[in-house]
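There are 2 protein chains.
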Amino acid sequence: MSKKTIYIAGLGLIGGSLALGIKRDHPDYEILGYNRSDYSRNIALERGIVDRATGDFKEFAPLADVIILAVPIKQTMAYLKELADLDLKDNVIITDAGSTKREIVEAAERYLTGKNVQFVGSHPMAGSHKSGAIAADVTLFENAYYIFTPTSLTKETTIPELKDILSGLKSRYVEIDAAEHDRVTSQISHFPHLLASGLMEQAADYAQAHEMTNHFAAGGFRDMTRIAESEPGMWASILMTNGPAVLDRIEDFKKRLDHVADLIKAEDESAIWEFFDNGRKKRKEMEIHKKGGVESAFDIFVDVPDREDVILSIMELLRGTSLVNIRINEENREDIHGILQITFKNEKDRKHARTVIEANTDYHVVIA
Amino acid sequence: MSKKTIYIAGLGLIGGSLALGIKRDHPDYEILGYNRSDYSRNIALERGIVDRATGDFKEFAPLADVIILAVPIKQTMAYLKELADLDLKDNVIITDAGSTKREIVEAAERYLTGKNVQFVGSHPMAGSHKSGAIAADVTLFENAYYIFTPTSLTKETTIPELKDILSGLKSRYVEIDAAEHDRVTSQISHFPHLLASGLMEQAADYAQAHEMTNHFAAGGFRDMTRIAESEPGMWASILMTNGPAVLDRIEDFKKRLDHVADLIKAEDESAIWEFFDNGRKKRKEMEIHKKGGVESAFDIFVDVPDREDVILSIMELLRGTSLVNIRINEENREDIHGILQITFKNEKDRKHARTVIEANTDYHVVIA
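Taken in sequence, the protein lines are chains A and B.
Take the first sequence: its position 168, counted from the start at 1, is 168 in the UniProt record's numbering, and no numbers get skipped.
Take the second sequence: its position 149, counted from the start at 1, is 149 in the UniProt record's numbering, and no numbers get skipped.
Be aware that one or more of the hints could be misleading.
Which copy is meant is left open, because identical chains are indistinguishable; a pair holds if it fits in one copy or across any two.
In silico lysine-lysine, BS3-like type, Cα no more than 25 Å apart, as pairs [unchecked claim]:
| # | residue 1 | residue 2 |
| --- | --- | --- |
| 1 | Lys58 | Lys265 |
| 2 | Lys170 | Lys155 |
| 3 | Lys130 | Lys284 |
| 4 | Lys281 | Lys130 |
| 5 | Lys254 | Lys89 |
| 6 | Lys255 | Lys281 |
| 7 | Lys265 | Lys255 |
| 8 | Lys58 | Lys23 |
| 9 | Lys265 | Lys74 |
| 10 | Lys130 | Lys282 |
| 11 | Lys81 | Lys155 |
| 12 | Lys163 | Lys3 |
| 13 | Lys163 | Lys4 |
| 14 | Lys89 | Lys115 |
| 15 | Lys130 | Lys89 |
The set of hints was computed from the structure by calculation and includes no laboratory data.
Values in this document were obtained by computation on a predicted structure and should not be read as measured data.
Okay, chain A solo, but in the shape it has when bound (with noise of 0.2 Å):
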């Protein structure tokens, strides 16, 4: 495919990752930022993330073969209002890579229909603690997927072309209608990070009249509450621009609540245990995507005896692979799990992991 001009407005992690992710497998492409931070634009120079950066929005828009707008949402919006006006390629292709999507669509639609550009809203669904130019990664989409909400400025090649531009991304692609994305996402992001703030909030609360409120928060509490950590204005722009399908989710929650505290009140224990065993089997059998932030959890189990020599031997054939994690379980050995869990970050390295350690040892491999 012949050599593009790839435009990036936001050099933060997000649209950091995504410049990286593209020169892997299109080294000869020209990279352009935009950041507001002249500190951000030096990094992303430093780093060779980018060729060249502006601090002027419009500078290198009229150069772009594709506009990748990964600035928060309202900006975005912004931005697409903008580009509007400007003297772009022709066909140019513009896209973005918000959280939420309707909203974006709907300003796409609005403000581009007539002219002679291409959209499809995008969201690649990865992120992490950490943000900024300094923290972008080209492993950040891996196995991470990848979502585009097509619209009436979509054509039939927009999808295609950017699939082969973003390839080196490695993410898995998905297409689905915008509307659809955000009542998604509402279910399994949005209302799960409102339902971690409004609990942290209620507890905080609650110790102020009970003391030992901070001190008995534990594991459960704390993986209930992680999340509630999150930048607030990535999650206020969320609300904002998903309010009827989070509306939606929180008035059916409410009915749920108080469907548990009937059964609280009519002390029925047996109708309790079912909801509490259903929630297990539930979790149980759905697909928890291995790559959603920060863990990829491609895990083997070694039953191995719990003996320091055996753990580093084994390490030693997993040298030159992708792993991340080493958990020394001390697991009921009546389980089907043995005690090394390993997490890697892909599935050919777990692959490669059990074929090694069964071809060289007598150790005995579980994939879970």
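Following the hints, put chain B in place on chain A, whose structure we already have.
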């Protein structure tokens, strides 16, 4: 202190770990155990968890200086009733290990008042996803909170004596009123479990009509629903014996959901931002106790090059420590933390690790 006979009813994870902990500091004590299944009794005997085991609860009760009821809540209350009719040692200390306290304390006072016994409620606050005598672990309660809830049957010497008997657990002792214990745990444990199961059920139902729900669920959702995999029987007992406090948390939470819903309907972005920012601040402030459940989080971070020979050499240095996890982080080098995150079971090994690494290498070690 003179040799004592300790009788533990229930030789699962909790009872078994209590036994091992007691024996650690009092190897001369005689530990008697009761368990319904002979499979578990055999494991307990083989592992040296108990010296003698019975399948008849009444058999060893009259021999005991201390009786610990480490069975499910309802069973605990039934046993308290049985104990009232047995010919026990004068001044025998009776305690339990239940996750809720008020109903157990009320049962003890109801059945044992006027008898020549001492009773105090206990709640050793640790656990894991493991179960059974096979999983019993002398370190389970190390640095965990061991909560006493005094009753009208608690003498001045009851708790001090128990603290001595239980010294091998290496727990942190706390005394609190039984009803207050139940209120606090409703907030930081019981209600969160309900939330997790409710969210899991909500998402599973939503997935019926919105298929991508199953696929887009990722890190945040995984965290929020992890505790939905808990054992349903235990959580049903908890909700059945802590109804009022949990109902209070449900009502309070619904009001918070309503408040956020109002902010969304009003499109009040700055108030929504405050909501999320408040959650984040409060979480950072709250001391989330390090020992609760599966993980001990005694971590060190070692700033090393991401080279396998380096990692292997560090592991060699740490032979003999209670190392449970090695994570190879690809953290932003500007963070304080380094690439290798090593977790130990206790503070002693963590400090030793730092000493030994700093003595033998040039690598910088951070404790965090």
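For this structure, which hints from the list above don't hold up? 1, 5, 15
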